[in-house]
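Novice: So the sequence lines, in the order shown, correspond to chains A and B. Okay, so the first sequence: first residue is 67 according to our numbering, each after it adds one. Okay, so the second sequence: first residue is 67 according to our numbering, each after it adds one.
There's no promise every hint is true.
To be verified - Between beta-carbon pairs, the in silico distance windows are:
id, chain 1, residue 1, chain 2, residue 2, range
1, A, P180, B, R167, 18 to 24 Å
2, B, Q88, A, D189, 46 to 52 Å
3, A, H117, B, R174, 21 to 27 Å
In case anyone wonders, no lab produced these hints; they're calculated from the structure. We treat Cβ as the ideally placed atom computed from N, Cα and C, and that holds for glycine.
Number of protein chains: 2
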Amino acid sequence: MTDCPMCCRWDENSDLQIIELQHSYVTLNRDQYFPGYTLLFTKCHATELFHLDQDVRSALMEEVTTVAQALYAVYAPDKMNYELLGNMVPHIHWHIVPRFRSEPLWPRPIWAEPHDELCLPVDEYRQRIERIRRELA
Amino acid sequence: MTDCPMCCRWDENSDLQIIELQHSYVTLNRDQYFPGYTLLFTKCHATELFHLDQDVRSALMEEVTTVAQALYAVYAPDKMNYELLGNMVPHIHWHIVPRFRSEPLWPRPIWAEPHDELCLPVDEYRQRIERIRRELA
Numbered sequence: 067m068t069d070c071p072m073c074c075r076w077d078e079n080s081d082l083q084i085i086e087l088q089h090s091y092v093t094l095n096r097d098q099y100f101p102g103y104t105l106l107f108t109k110c111h112a113t114e115l116f117h118l119d120q121d122v123r124s125a126l127m128e129e130v131t132t133v134a135q136a137l138y139a140v141y142a143p144d145k146m147n148y149e150l151l152g153n154m155v156p157h158i159h160w161h162i163v164p165r166f167r168s169e170p171l172w173p174r175p176i177w178a179e180p181h182d183e184l185c186l187p188v189d190e191y192r193q194r195i196e197r198i199r200r201e202l203a
Numbered sequence: 067m068t069d070c071p072m073c074c075r076w077d078e079n080s081d082l083q084i085i086e087l088q089h090s091y092v093t094l095n096r097d098q099y100f101p102g103y104t105l106l107f108t109k110c111h112a113t114e115l116f117h118l119d120q121d122v123r124s125a126l127m128e129e130v131t132t133v134a135q136a137l138y139a140v141y142a143p144d145k146m147n148y149e150l151l152g153n154m155v156p157h158i159h160w161h162i163v164p165r166f167r168s169e170p171l172w173p174r175p176i177w178a179e180p181h182d183e184l185c186l187p188v189d190e191y192r193q194r195i196e197r198i199r200r201e202l203a
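Chain A with its partners taken away, still in its complex shape (with noise of 0.2 Å):
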């Protein structure tokens, strides 16, 4: 879909792409007031998870779960949050997020409080990459 924005973020996003998968495509949130949050979201134009053929939906999840295995092991988080909500931006996109007791909104979710957006220099964005990328390997 030319209008949505999800469906043009790969490409519009290059500083922040962590991986290709079969379905879907992996990238750092630009906000990292929550460290390693990242958005996986869907190849194809789809809205609802039920929109989806029962092997492309098993598939994503699988995708989804590899991700969120490895930002366990590279942030060693208290506990991962899963959200499909799509709101504002349909298009299927995950977002993938690991919490610590340790932070001030905790044990609150995400959304609970509004807070700055914490953009990080190219090079910090680069080294988050870089280790989710070396545990999906």
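Following the hints, put chain B in place on chain A, whose structure we already have.
Specialist: For chain B alone, coordinates are given in the frame of chain A:
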């Protein structure tokens, strides 16, 4: 686990029970501020998707999908939200929530602002549960 509130939730919430599936229990959320807000939690005590065997995980995600599709059919929302958090109660439980443009909180996540719990008369819970069950049948 004896100290996990989710491990005994099915027995203790008999007025909210929707259905028992192969790998999960499904209940209406007591707070119905978001109409149709449903919880789906695993029968086994597990805390992360990557702790489950692949076949169980895939089957579980089919159950999440089936319930989401039923809620979509009953409520005709603008979007379904699917969230697996567990920062307070780590036992895997999915928040499956129909979302509407007409809500005061739209398009923000359900956690973006606090709200007063909306508890229903027992009959209204029963009616909601029956509609969802019929769709699942």
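Novice: When the structure is checked against the list of hints, which entries are broken? Sort them ascending.
Specialist: none
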